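Note that the protein sequences, when read in sequence, are chains A and B.
Residue 152 in numbering that gives the first Met the number 0 sits at position 153 of the first sequence; the count goes up by one each step and never skips.
Residue 204 in numbering that gives the first Met the number 0 sits at position 205 of the second sequence; the count goes up by one each step and never skips.
Treat the hints as calculated values from the structure; they're not laboratory data.
Since the structure is predicted, the reported quantities are computational estimates derived from the model, not experimental observations.
Check each hint, because a few of them may be wrong.
Chain A regions said to be covered by chain B (calculated; three or more residues, Cβ under 8 Å) [unchecked claim]:
1) 80-92
2) 97-111
3) 145-152
4) 175-189
All residues carry an ideal CB built from backbone N, CA and C; glycine is no exception.
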Amino acid sequence: MAEPMELLCWGGDWDLPSVHTDSLIVLAYAKFSGAKLAVKSIDWTWRTITASVPQLHYEASTVTEPTQILNFLRKQRFNADYELTAKQGADTMAYIALLEEKLRPALLHTFWVDADNYANLTRPWFTSHSPFPLNFFVPGRQASLALSRILLTKAESPLLNITEVEGKIYSEAKECLNLLSHRLGNFHFFFGDTPTSLDAFVFGHIAPLIKAPLPSGQLQKHLNQLDNLCQFCNTILKNYFNASAEKRTDCSPTAIHDPVDANLQKLTQLVNKESNLIEKMDDNLRSSPQHRPHRH
Amino acid sequence: MSLAAEAFVSQIAAAEPWPEKATLYQPLKEDQILLSDSASSLAVQTFLRMCGLPVQVSCCANAEYMSPSGKVPFIHVGNQVVSELGPIVQFIKAKGHSLSDGLDDVQRAEMKAYMELVNNMLLTAELYIQWCDDYTATEISRPRYSSPYSWPLNHILAYQKQWEVRRKMNAIGWSGKNLEQVYEDVSQCCQALSQRLGTQPYFFNKQPTELDALVFGHLFTILTTQLTNDELAEKVKSYTNLLSFCHRIEQTYFKEHDRESQSGSSRHSKGSLP
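Please take these sequences and the hints and turn them into a complete structure.
Put into structure tokens, the structure is as follows:
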């Protein structure tokens, strides 16, 4: 090609090439498919508020949105999904839909809506990476976009209150992570030994969650117990991004096989136990005089 | 529903058997119901038939407002009211009927992923076509949605619903798409479903699951509903194994029962499948 393709994205931190999920997806896919991208970070430029990130420039055209960019790269013959069967391609679409519906709301909530995380981590980071005077607007705008997205898609119309929705989105996200862990099993990547677009999407979603130093992260704690997903993330960072990522002590590479299944079962039980605990709480509620006693 | 309420409902649900007079509520079939609601309602009806649980379908103009979550359809069983396919599946599981018990963990993950694919792509595309495409909204959606009401309420409610749906499309990033791209998305979704189904009778080989009910609900409704043009139905028809899948489920679960409860005879419909 005459000139390389240029990608605009948010900058990196916490051992990651970028802190933004969508940018990470594109960066990971480019590495997997061997596309050479000139990565330009939009930090400290006016593009933090004007551009919709990530954005790919090539010759005269501009492409946004991870799915569109991946399609564009495939048309340029950078295809990481070449070896997939038709059924695996269909599975990819389905799992990406699962990620978008179940995991993304909880991720948005963890980073942008949870008061602790937003005030101590997200807002300072984005403020320090935006130029004056945009640093007053950029984080607030992203936060309100995140909140409205969660409420419009997950909150049912009578509720429209974030606290009611929180429990539901976190439990769905934990279930989603468990499902991904079941699907990954003991393999290095989701479809055998070479990474594909599904791996890029999963990496983009879970890497910030693993690496960011979140003050209050119940989802992060849950994810850290899923060893195979942590291992998956660290493998990609090590092999494709040459990051000297210190392996976190709770994701040791040696014992993958049996403890994976044991941990996973424990976690599935944990999520079930949560609902059981709530049922027990309700047992007390039911025996209170306000509720009619039920015949068994 | 919050987690506590859900757990509470399943406790109660487990205590009682399925009653004779369970009812499913949806908007008026002939005049009011729209494509997306009809698809969701058919999916729930199919699921209940697959479980062998009898239910009466009751059409009310205000079904959407009666529903606890604001979405149709919802079922009224004993003294509980549950809406939407996901919670209904869990409710029925608490009563001891489940279609997906035989699946192992990986298959269950796949099933949930495909159900999300249908919800994410097909349902969103249906909503887009109904409410964000000006021609369809003016000719079909707004008149139908507000048909039970008199002026000026019909205008207010129709525009309110349209505004709500457009806001949601905006939030998830679909407002930038044009109709062609939406049809293309539907086509890709059908292709994924078709490839997953292959030559099997159901998505998970011999036994139908809630995924089969959901896919049938959406595809059958798309095929038998007349919109402003036939392009959506054409996209689905180009996948022959999906067509035969719909025929098979219609034959197995709907033809055996009374003619009145046959789902094909809805408004604007061309009767059964071609």
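Hints versus structure:
Check result for the stretch 80-92 of chain A against chain B: holds, 6 residues qualifying (beta carbon to beta carbon below 8 Å, three or more required). Evaluation of the coverage hint for the stretch 97-111 of chain A: fulfilled, as 4 residues show C-beta separations to chain B shorter than 8 Å, against a requirement of three. For the stretch 145-152 of chain A, the proposed coverage by chain B is satisfied: 4 residues have a C-beta within less than 8 Å of a C-beta in that chain, meeting the threshold of three. Residues of the stretch 175-189 of chain A lying with their CB closer than 8 Å to a CB of chain B number 5, which satisfies the three-residue condition for coverage.
Against the hints set out earlier in the document, no violation occurs for any number.
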